[in-house]
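So the protein sequences, as listed, match chains E and V. Per numbering that gives the first Met the number 0, the first sequence starts with residue 0, numbered consecutively. Per numbering that gives the first Met the number 0, the second sequence starts with residue 0, numbered consecutively.
Errors might be hidden in some of the hints.
[Unchecked claim] Computed beta-carbon distance windows for the label pairs: (1) V/Thr53 to E/Gly154: 17 to 25 Å; (2) E/Trp180 to V/Gln200: 53 to 61 Å; (3) E/Arg15 to V/Gln200: 30 to 38 Å.
Keep in mind that the hints were calculated from the coordinates and are not lab data. It should be emphasised that the depicted structure is a prediction, and the values quoted were computed from it without experimental measurement. The beta-carbon is built from N, C-alpha and C at its ideal position, and this holds for glycine as well.
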Amino acid sequence: MKKIIANIRLFARGLRMAFSSSPLALTLVLRQPIQALAPFVNIYFSAMIIEQLTLKDSFEEILPNVLWAVGLNAVFYFLNWTFDRCSWPGMQALYIQEQKLSSQAMLALDYETLEDTDTQHKFTELSEHWHHKGSPLQSPIWDLSGLMGGIISIGASIYFLIPLFKIIFVRSGEGFLNSPWLAISVFIFIALGVGAVLYLSNKMSRAWFTMHSEYLKLEGIFHYYSRMLEKSNTGKEVRIYAQQELIERHASDRLMDEGVTLQRKLGNSQALQSGLLAIIGAILGFGVYLLIGVKGLFGFIGVGAIVRYMGSFLQVVNGLMQIGGNVGRLDAFIPGMRYFFDIVDLIPKHKSGKLKTNAQAELEIEFRDVSFKYPKQELYALRNVNFTLRGGEHLAIVGENGSGKTTFIKLMCRLYDPTEGEILLNGKNIKDYNEEEYRKLFGVVFQDYQLFAMPLGENVAAGTEIDEDKLALCLDESDFTPRLEHLEQGTQTWLYKDCSDDGAELSGGEAQKLALARALYKDSPVIVLDEPTAALDPLAEAAVYANFNRFAQGKAAIYISHRLSSCRFCEKVAVFEEGELVQYGGHEQLILNEDGKYFELWNAQAKYYV
Amino acid sequence: MAKNWMVSEDGSKERLNIKENLRFMLKNWFEWDKKSLWLLAYSTPSKIALPALTALIPKLMLDAIAQDWLPAKLIVLIAAMSVLLALLSWIEPNLNEKLRVSGQLARMKYRIMSLRKIMRIDYETLESPEGSQKLAKAKDFSFGGRWSPGEDFFAAVKDFISSAFGLITFAALLTRLSPILLAIIAVGCGLEIWGFHLGNQNMFKYHRNARPNYARIEYINRVCTDAETGKDVRLYNLQPWFMDFMHSVVMSHRKLVGKLIRQDLGTKVTLGAFAGMLREGAAYFFLVQAVLSESITVPDFLFYFGIVTGFSAWLISLTWQWSNIQRCCKACQHFRDYMDLPDNAQAGNLSVGDSIDEIEFRDVSFTYKGSIDPVLKDVSFTIRKGEKLAIVGENGAGKTTLIKLLCGFYPPTKGQILLNGIDIREYDRENYYKIFGAVFQDFTFLPVSVSRNVTIAPQEDEDAQRLEAALRNAGLWDKLNALPDGLESPMVKDVWEGAVNFSGGERQRLLLARALYKNAPVLILDEPTAALDPIAENRLYEKYSRFTQGKTSFFISHRIASTRFCERIFYMADGKIAEEGNHEQLLANQGAYYKMFETQSYYYRKELGTEDIGEEELAV
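Taking the hints into account, I'd like the entire structure generated from these sequences.
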């Protein structure tokens, strides 16, 4: 019972959110009574006209009814299509809003919560539901409307059918035909039919959804391969390594084999469901037609009434079919709404402090006994790190792959909070600062930096407000200008093809330069570069080195690189090994320790150049 | 439900050969699912009989009552009709589902055809703008979600045929009554169809204009979900920017929706309501008159009224399905245009011998299609069996393009590439690819296990020893075996939720292992150390001569240290081999190579003082 109430609440919340996001979608619901009632115009008026025709009325007497019928039909038609034409676009608008709402929720999360496997699992569940069963806010409306339409149809038909049963009670003395037992058994009959339809549909659409999901999983793999292969650069590997057979085996063979079987099963289950509905409809039909026919035969009801009852009964069957088609689905959409709201309701773990940073003040960042393990991991990624970075200081960080260099940066930027120990900015824990303010201190180019499929200038300026002069300067500093000259729309050019068909594709080196320009544009007191030259040739690399001192002038700078040459233009070098800060000092000083990690790293590379 | 929209009529005047495309699709239908063709023969009569019966039942009942039948006779009649009704309404959805499955099957087959094609199409065509355009167009045929023409065709044909027969049957019934009524109703339908047509055009415009909005909002949604991206979003405080962007999408979409509604209300709805009025008015008027003039009975009134409604439905459905079939043909044409693109197989048919003795570039120039500037200019060289070649040079000097030509991905614009003295175009392409083991700069892993990604063969064909050796040489063996599922761990997070997430360095090692496992006579490594730390890089160099034992190898790197292991070094600049020799020779030359080496080694020299790093010194 509790569960039902919770589901109703959830449903109500979903509807509220849907209609407030896209009020036009409401027209889909409004359309239902129109659509359900429209057939009754002809049912009612054709019955009247037939009545009149049997009574041999004149044309002039019949004409008003004809005009009423035609006029009302036109009104219903007009309303029906008006609502229909509004509802479809309304539902489309809802889809866009829905995407916006969930994106918005994710943007509000702190990084740690976003990256958390539980959160990511929720995303997977939501997007799977989205893909397999339909959108969490749209689909319930489709189906609720379908159900509503069916119920209104049946309701209206019963309203028209009531006189048929009334007669039974009012008149008496015709034996079995007029006994209330007949009426009651007809009612029971209809009720049983409705019950059977509900039960069967519910059960079958559940089975259908399960099978359908299974099929879509297969199709998902196939889909992944086709998307992957559309990117032309994968074509090289496919051909050189003759991957065709493996891919076909994994993607197509299973789809053809298991997929076809599943599809056939799905088809059979659908066919069975409609078949059963047809039988129930026919059995009901037999009973009701029989009642009408026999009543007519004995003269209890007139010709017009017969027509009206038969037409109405047809609408009972239509309504049943419509309910049958929708009833099980509503249940299937509940989880989707739950996933959706789970994400909308996520609460950031990080609490932002109130302290403001002071851009003018001399800055000092201190790691005090910091240890860190990633959520749900056993091993520490960083262990007992003690370290201080002062304003204006230039630091190189080196170490093998996986030694903790990037994790160190992530902690410093407060993407994660330390598991043990604390990080201080000018003597105060960084958790006490306002998060947004604190992050203004850092201009970072991560190894896996991301640019976005939006205009180039906005990418660099990190927003729509662009200082054109500063933008030009930063692009120049990062050496992107030569490519810019080849772009027809200059800084207005969209990047990549995701959002714009004539977007510009960038090479690895070019993208890296843009990411650097973005960091420069931010003009923050601490600049962090994580492997900024991996994709550059030696001359371009040398240019970055040479410029580094200029654009890091007066700022604290951290330079992470596998090219140890970088250690020569930074005053300090931090050497990480297995999560620990093992050496710290100037290059000249560290190189003297021949047992140290630094000596090993340095020589592994430098021996080729001397 | 109002989901039955279709997108068509894009107004472009492409010549469309309907007959050819129909034949193509019907032939495939026949080949793939012959049995389902028979369904057409069953479904047409049942589809026509159902509305006819629905119209007939009330008439029969009224007739029976008017003629004062015996109750028993009436019961039999009703029972018979109910059974017939149940039968017909059983058959119809049943056949529909069977046909839907056939359509699905066809769609799968078409998709598989296009997947096979994309893996075998001539690489140059695949990468060309023409190729990607044709691919994009062809996709609609079998990938277009709910309304993919490859699948829809089945239902469209079925409904077209039954509508045609239905129309004839119902028209015949109506002509008997009044040809004028028939004409008026046809005019009414014509108006409604015209409304549909206008509505479709509005819809098409809407779809074309709205597509970027969908792409953009879905893109932002992906970006917001992605954990990697999350770092930059938060550090650069990109949230307001994204919110602005989403807001602009919502606003732009709202405008489109408003326009669509205004247009639709203006055309389709008004025309439709008017057409409906005309039709129904005519039907009531004529039928009432007919009863009054006693040319039909009262029960006939009901029957004919049903027939009028049915006739309109058939006529509208017929034109609708015809435009649907045209849409399918058009999409099919695009699909076939794509399938007709040249294949690998259209290269030569020589097979490469056991030994790769010599590869020669003879005056090779190359210009990418659609570009004017040549990327390679008159490149000539010969490399013999077992030689180790290093290629260095600035970004954009043509190194990677040279490799692409060597692999046969592009034919030279001018000149020839010869393998053992024979132009590589003479060789069977797939056979030719076999001689290369390569690590490219851009790469993709398949959503299969780690070991499948290295061996690219089904498990039963895997050579366990060779796999171990390759992984050990790439420095991955221990790391992989420490994983819970070891070598069988799945890759690619998008497909498998628990997939292993490798770091950049590990990915590079995996690529190397794949190249080593292939054990091909020519090894190509394009920037294989960019993401490796100095120690791993050094280890790779030390092992390099062992990997390449007896093989011809090409090594491209920005780390000049690597070139020491190669007997020959090409320094490429501006599409040419500017300098050539071994490390010592090139240094002695004091040319561009020397300069580059000096630049990179500058910071590794002992005598460097920290304060004198100036731009002047590094200026090149």
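Results for each hint:
no. : hint                             : in the structure
1   : V/Thr53 to E/Gly154: 17 to 25 Å  : holds (22 Å)
2   : E/Trp180 to V/Gln200: 53 to 61 Å : holds (60 Å)
3   : E/Arg15 to V/Gln200: 30 to 38 Å  : holds (36 Å)
Violated hints are absent here; each numbered hint is respected by the structure.
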